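For reference, the chains in residue letters:
There are 2 protein chains.
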Amino acid sequence: MGYESLKHIAKLGGLDVPRAILDIVEPIKDNDEAVRKFGIDFATEQCREILESGVTYGLHFYTLNREVASLTILKKLGLWSPEPQKLLPWKPTANVSRFHEDVRPIFWSSRPKSYVARTSEWEEFPNGRWGNSSAATFGDVSEHHLFYMRSKTSKEQRLNMWGRQLVGEEDVWKVFYNFITDTPDEESGAKVTRIPWNEEELAAETMLIASELADLNRRGVLTINSQPSANGEPSTHPELGWGNPGGYIYQKAYLEFFVSAERAMILKQIIHKYEPRVNYHIINFNGDEDFTNCDHLEPIAVTWGVFPGKEIVQPTVVDPIAFKFWKDEAYGLWEEYWGSLYPENSVSRRVIDHMVHNYYLVNLVDNSFPEPSILWTVCNEMLEVEDSMKKQKRLKQARKNPSGDEYGRWPGKVGRKFEEREMEKASEDSDDSPPKAVAVEGQ
Amino acid sequence: MGYESLKHIAKLGGLDVPRAILDIVEPIKDNDEAVRKFGIDFATEQCREILESGVTYGLHFYTLNREVASLTILKKLGLWSPEPQKLLPWKPTANVSRFHEDVRPIFWSSRPKSYVARTSEWEEFPNGRWGNSSAATFGDVSEHHLFYMRSKTSKEQRLNMWGRQLVGEEDVWKVFYNFITDTPDEESGAKVTRIPWNEEELAAETMLIASELADLNRRGVLTINSQPSANGEPSTHPELGWGNPGGYIYQKAYLEFFVSAERAMILKQIIHKYEPRVNYHIINFNGDEDFTNCDHLEPIAVTWGVFPGKEIVQPTVVDPIAFKFWKDEAYGLWEEYWGSLYPENSVSRRVIDHMVHNYYLVNLVDNSFPEPSILWTVCNEMLEVEDSMKKQKRLKQARKNPSGDEYGRWPGKVGRKFEEREMEKASEDSDDSPPKAVAVEGQ
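Just so you know, the sequences run in chain order A and B.
If you're matching positions, the first sequence starts at 1 in the numbering used here and goes up one per residue.
If you're matching positions, the second sequence starts at 1 in the numbering used here and goes up one per residue.
If you're looking for bench data, these hints aren't it; they were derived computationally from the structure.
Since we're looking at a predicted model, the values are computed, not measured.
Please note that the accuracy of each hint is not assured.
You can't tell identical chains apart in this list, so a pair holds if it fits in one copy or across any two.
[As the list claims (entries may be wrong)] In silico DSS-like cross-links for lysine-lysine, where the CA-CA straight-line distance does not exceed 27 Å: (1) Lys191 / Lys29; (2) Lys324 / Lys91; (3) Lys310 / Lys86; (4) Lys310 / Lys400; (5) Lys268 / Lys75; (6) Lys310 / Lys91; (7) Lys273 / Lys393; (8) Lys76 / Lys273; (9) Lys273 / Lys310; (10) Lys29 / Lys7; (11) Lys155 / Lys29; (12) Lys37 / Lys76; (13) Lys268 / Lys310; (14) Lys155 / Lys191; (15) Lys191 / Lys86; (16) Lys76 / Lys268; (17) Lys7 / Lys191; (18) Lys75 / Lys324; (19) Lys29 / Lys310; (20) Lys37 / Lys273; (21) Lys273 / Lys75; (22) Lys310 / Lys324; (23) Lys86 / Lys113; (24) Lys391 / Lys273.
One chain only, chain A, in its complex shape (with noise of 0.2 Å):
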C-alpha cells in the first residue's frame, strides 16, 4: 500500500501511527514500490519477533483483499508451502465417510469408481496401513453393475478401438499394443483411447514404462496393470510425487497382466530362481489354479513415502484377499465390455471366450525396489523358455516324420487364423507332454 493509502486507513481506523515509522516513511512517501517493500520488510521483523515470543503460534492477517503483501511476509517466515499437487498417488474421494481412508490395493487403480463402489458398505477405512483384510468384504460386481460402471464409450466407438472382427488372439495383442503405444489401427485408423480395465488414460508414470510394455503386448503379455520403480524420489516429482513438499517417494515395481495357461505354468516353474525378490501371484478364471509365494493373509506395500514429522505413509498395496475379488471383476471386464460387442457363436465372441478361459491373470512385485526392475527379465525369460519347448517339440516331431518340412510347420505368429491354431493345438496336445524340467534348467 502507498502513503496516501497508508494515511486514508489510518485516518478512517483512528489509528496514531507511530513517529519511529513515519520517519522512515516519509522521506520516501513518493516511492509508492519503496513504501511498500518497508511495510513487508517491517510486518515480516514484527511476525517473527511475535512469533518467537512463545506467546502465540498464530498470526492473523487482514489482507484487504491485496493478499500479495501477506503472502510475501509469509514467504519471508518460511511459513508458506505450496499445496501438493496431489494428497496421495490415488484422488481420494469427497466422501465424509472415507475422510481418513488413506490406503487402496493397488488392482483398482485405473478403475477407482469401481472400487469405491464395491467398498461403499464399509465402516470403517484402512488407515496408516491397509493391514489384514480378511474380514473385509468387496460388495458384489453383478453383471447388471459391470454394465452400469461402463464408460459412456459408445458400442460403435469400442468396435472401432478393439475391432470389428477377430480371428485369433494375436488380433487382441494387438489391440492392447496399440493402446500402449498410441497406434492408430492399420484398417480402421481408430486410436485405442482405452482398454475395458482403465476407467482413464493411462498414468503419467506408466509412460516411464511404456517401451517395455509394448514390447510384452506385442508378444501376448497383455498388460493391465503396472508401476515403475522408485527409490526416494523428491514428493514433488511430476509423474511419482504426491503428499507435502519434502518427502521422499518409493515404489516397487508392480506389474499385472493376462497371459496363456502355458506360459503361467512356465512361469510358475522359473520364479523360483528370483526368489525373494520377486513375489507373484497366478490365478485363472474360475480360481481353482491357484498359485502364490505370498503370505496368504499379508500384503505387499508397493507404494510408500517417508514426509517429515509423520508414521511411513503407504498408500497402495498387494493384498491377496482382494485380489480374488478383482479377478472376478477382471475377467468379468473381458465379457461385459468386450466380448458382448459381438453376436454370439460369432468367431469374434469365440475368441474372448477363450482369452477368458486359457488366459491366467498374473501380478508380479519385485522387492528390489533400488534396482532397476527385474519384471522384465522374469517375463523374458517365460516367453524364451516357451519358445525353446516348442523348438524342442518340432525336431522331436522333425524326427518322427522326417518327410516333414520342418520350417513350414512354423508360420509367423501374427497373422494366423485362430482356427488354424486351435487346430494346430489340438495336434500338439496329443504329443507326449515337452520335457519341461530339463527345458527349464537349460535357461
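Dock chain B against chain A, hints included.
For chain B alone, coordinates are given in the frame of chain A:
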C-alpha cells in the same frame, strides 16, 4: 553316507535300491566322498522335481542325526536362509501377550525393562505402526519403582564412575564425555561403563557417531539417546541391520540431550531456519516450558524397514505424548540414581539438583535421512550463538567499566568452581538481557 551304510540302511528298511542308482554308485563305492556327493546331488534333483510338480509345498527330511547332508540340499535348493540376527531393532520380550508388539517409542531404547514394566497393563500393543497414542497410559514410575529398576551397580561403583565430589556442571559434563569415549577418570582411574539413562552398554550403532557425540558432551550438550541416519542399508548390516535378510533399513538421525535453559532457548530461536527438515521437542523439569514444531498427537517414524512381501515395518517412533511420560522418568533418574549418592545439602547434591532444575530435555529428528545428519550443525550453531552473545555482553560490560580487565574476567570454563559460576551468574542476571534477536540474526 558311504556305500556300506547305504546297503545297511536299505537292508534294515527292506528297501530295493533302484538299479539305475546302483549302476552309478557301484563303480565309485570305495570313494565315500564321491558317494556322498552323488547322494546329495541326486536328492537335490529329486527335491527340485517334487517342488516344481506343484503337487506339494513341503519336504520332510529324516536326518538320522546327520544334518549336514540335509542342510547342503536345502542350500542347493535356495531354501536355506540363515536366522536374522535380530527380529527388530529392539529385543522383543518372551511374554505371550506382547507377541504382536512391533512398535515402541525411541525414548526407552536404552531402558527396555522400564518400558516393559510401564506398559505391562496394556491389553493391546501397537502392531505395524504406532498410530495415535493419545489414549495410551504409561504406568506410574514412582521413586520406589525407579529404585527397584536400578541395575546391580552398587553405590560404591557409581561413586567411582560418576564422581565422589562434584563442584560444578563441568564435572557432570565430564562423566558424559568419559562414558561416550570410554575414557578413565583422571583421578580415580575408573571407567564410566554406564550413566543413569542406560540399562545396558552403548548400542553398536552409537559407535558410528561416537566422535560427534563426544564433542557435544565435552561442551555440555549431555546426550542420553541417539541414532545415526540410515538410507536403505541391507537388513544384514552388522550395526544397523534387523529383520529377515533381503530387506532395506532406514533411520532418521535422532538426538536427545539435556542442555542448559539458556542454550535451549537459543536452540528454539535458531531452529526455525531448519524447518521442516528438523523436528524438535524442548521441555523442562516440571513441563511448564514445553515447545515443539511437531503435531501434538502424531508420531514420527524414525526407524523403518522394507522387506519382501510385507507392508513397511516401522518399529521405532518419536511420539509426542510418550515423550512427556518419558520426561518424568528421565528427570527422575538424575535424582534417584545420581543425586541420591551424596548427602543432602552437599555441594555435589546441589550440582545434580541444579542440573534437574536448570537443564532442559531436548529431542531432535532430522527428516532428511538420505543426507548427512544436520543435527550436529544445529547443535554447533546453538553453541556458537551462545558464545557470541557472551562476547557481546562482555564487550558491553567492558564499555560500561573501562578499567575492568576484560580478558581476566573470562577464565576457561572447565575447572571453575560451582560457587564461582553461581556468583558470576547472579551478577550476569542483574544485567540488561542481551539483544537476543540481533545476536541470532548475526549468525
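One pair to classify: Lys310 and Lys400, alpha carbons no more than 27 Å apart. Within, between, both, or neither?
For Lys310 and Lys400, the Cα distance exceeds 27 Å both inside one copy (69 Å) and across copies (51 Å).
Lys76 and Lys268: within-copy, between-copy, both or neither at 27 Å Cα:
Between copies, since 18 Å is at most 27 Å while 59 Å is not.
Could you figure out if Lys155 and Lys29 sit no more than 27 Å apart (CA to CA) within one copy, between two copies, both or neither?
Neither: 71 Å inside a chain and 74 Å across chains, both beyond 27 Å.
My question is about Lys37 and Lys273: at a cut-off of 27 Å on alpha-carbon distance, are they close within one copy, between copies, both, or neither?
Between copies only: 22 Å across, 67 Å inside.
Given identical chains, is Lys29 near Lys310, meaning Cα to Cα at most 27 Å, within a copy, between copies, both, or neither?
neither (48 Å within a copy, 66 Å between copies)
How do Lys268 and Lys310 come out at 27 Å by Cα distance, when the copy is not named: within, between, both, or neither?
Between copies, since 21 Å is at most 27 Å while 39 Å is not.
State whether the alpha carbon distance between Lys324 and Lys91 is at most 27 Å within one copy, between copies, both, or neither.
within (23 Å within a copy, 37 Å between copies)
Lys29 and Lys7: within-copy, between-copy, both or neither at 27 Å Cα:
within (11 Å within a copy, 111 Å between copies)
Checking Lys273 and Lys310: alpha-carbon separation at most 27 Å within a copy, between copies, both or neither?
Only across copies: Lys273 and Lys310 sit 20 Å apart there, 37 Å inside one copy, limit 27 Å.
27 Å Cα threshold - placement of Lys273 relative to Lys391:
within (23 Å within a copy, 67 Å between copies)
Are the CA atoms of Lys310 and Lys86 at most 27 Å apart within a copy, between copies, both, or neither?
Answer is both: 17 Å inside a copy and 25 Å across each meet the 27 Å cutoff.
At most 27 Å between C-alpha atoms: does Lys273 with Lys75 qualify within a copy, between copies, both, or neither?
between (54 Å within a copy, 13 Å between copies)
Going down the numbered hints, you'll see the structure goes against 1, 4, 11, 15, 17, 18, 19, while the others check out.
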